[in-house]
Amino acid sequence: MLGKLIKHDFRATWKVMVSLDAVLVVLGIMAAVVLQTIPHVEDSFGMGLFMFSCIGLFYIGVIAANIVSLIFLVIRYYRNLYTPEGYLTFTLPVKTDMIIHSKVITGSVWMLLCYLFTFISLVIAGAGFVAATDISRADLLNAMREGFSILGFGDPGFTAIMVFVILLTPFAGIVSMYFCISVGQLWQNHKILGAVLCCIGLYILNQIVTQVVFFASGFWSLMSGSGADIDATFGTLYKNMMLNISIVTFVEAVIFYIVCIFITRSKINLD
Amino acid sequence: MSSLLQISSLTKKYGTLTALNDLNLELESGHITGLLGPNGSGKTTLIKIICGLLTPTSGTVTVKGNPVGVESKKVISYLPDTTYLGKSSSVEEIISYFRDFYEDFDQDRAYDMLQKLGIDPRSRLRTLSKGTKEKVQLILVMSRRADLYILDEPIAGVDPAARDYILNTIITNYDENASILLSTHLITDVENILDEVIFLKQGSIVRHSTVDEIRTSEGKSVDGLFREVFKC
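Same order as they appear, the protein sequences are chains A and B. Quick note: the first sequence, position 82, residue 150 per our numbering, numbers continuous. Quick note: the second sequence, position 142, residue 145 per our numbering, numbers continuous.
No lab work stands behind these hints: they were computed from the structure. Note that the structure is predicted; figures quoted are calculated from it, not measured. Heads up, the beta-carbon is just placed ideally off N, CA and C, and yes, glycines get one too. Treat the hints loosely; a few may be bogus.
If you want a taste of the chain B side facing chain A, the calculated C-beta under 7 Å gives, among others [said to hold, decoys possible]: (1) Tyr81; (2) Thr85; (3) Gly89.
Simulated crosslink set (BS3-like; lysine-lysine; CA at most 27 Å straight-line) [unchecked claim]: (4) Lys72(A) with Lys335(A); (5) Lys83(A) with Lys16(B); (6) Lys90(B) with Lys75(A).
The following block holds chain A by itself, in its conformation from the complex (with noise of 0.2 Å):
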């Protein structure tokens, strides 16, 4: 039932999905091509503001596609579970765990594109520039190895942190979202405002853990640090950073997740 469940939920959010995703690469192909104009920016101021504009405008697209796809996954969540659409949702003979397993996947999957298209996105824009710029490709590249060597790209170890990371993020971002909606059921009226406040709540929250978990990381002993070896104490604190930061966050995703399955199985109130 699972299968179909995600079967489904895919059939009937690939559409704007896919569409929102080939946005982020059209963004990035036009983005590429204003940059072509970098060389004529110093003749023209009027060539300088359109490009900056054009810039500023890919960014700004770039992170409304991103918000568009959460907002939509999330509605989507919201609108199957707790609306009129619920009467069936929640009529179908499967188990109620399954549903949120269901939404949980195919929204992190999607998700997971998206941030994989933003990426795509970038990197065509980036290719145009350093296309459009005398920049030598093998220094830019070495100056990537090394920055990467720095943030501790070549260990093994802190790759899969990264990798982890990667995967992690949509997953908690899209149930972290699911929770705010279910705990907004729980009012007994005001339940999209149940829910905002909960979003802020969480957000309020997540600075603080966050901030916790940066000092607690070693932030002190790269202030504290000398000149010599700056780069492999940032490289340390960068490292450890991560590793407690999704350590946190793989925690606190497992704890929504299992709140969301427990007020959808036991607090269930369509009214």
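Chain A is already provided as a structure; the job is to place chain B on it using the hints.
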């Protein structure tokens, strides 16, 4: 006769408001039962609890011996009192959805009914009128070979001709061994198809008897008795 639906000491409270009060009910297979009561009497609340859409405050509900859950949902075909299908879906997509999830869904029966009504299966729900959407929902619900059909206000807000179609569809498409629990306050329209009635008043059952009993013992029609019991 076997017990199809068993409800014991069912209570549902919304804050301080009691929607259902210590309700007990048993329904057997093979009957069409009218769940009758004025607005706010608890009809929809009771139906939603049976269908697993509301969590009761206390009490138990079993369908063919199973608590509300996967097994009960397999045998209940539910028509809510509102449009509940996604607007962006086409009729054939929804049929495919029902076919995938309900083992007892008869796809041929659904297409046959759609054809008789001249509804194009490729049409999207958002392009259909409210009345046509309601007919599509009814077709989906009655195309299942369920043990218990629960129909919440199926004839409310439709014209008399559509009412006849709906009632005819209900009568001609259910298995005689199945039961129908039909909620309405348009009693005159349904009186002739009912085997028994439940009068619900302020969350409590005030009468549960067969239509024949009412006619013989009270000398009144169900509609007449309803007007007397629920006189304002």
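Hint check results:
About 5 Å separates the beta-carbon of tyrosine 81(B) from the nearest beta-carbon of chain A, less than 7 Å, and the hint is met. Checking threonine 85(B) against chain A by beta carbon gives a least distance of about 5 Å; that is within 7 Å, so the hint holds. About 6 Å separates the beta-carbon of glycine 89(B) from the nearest beta-carbon of chain A, less than 7 Å, and the hint is met. With a CA separation close to 25 Å, the supplied pair lysine 72(A) and lysine 335(A) stays within the 27 Å bound.
The suggested pairing of lysine 83(A) with lysine 16(B) is violated, with an alpha-carbon distance near 42 Å, which exceeds 27 Å. Taking the CA atoms of lysine 90(B) and lysine 75(A), the gap is about 18 Å. The hint holds against a cut of 27 Å.
Violated hint: 5 only; the structure is consistent with all others.
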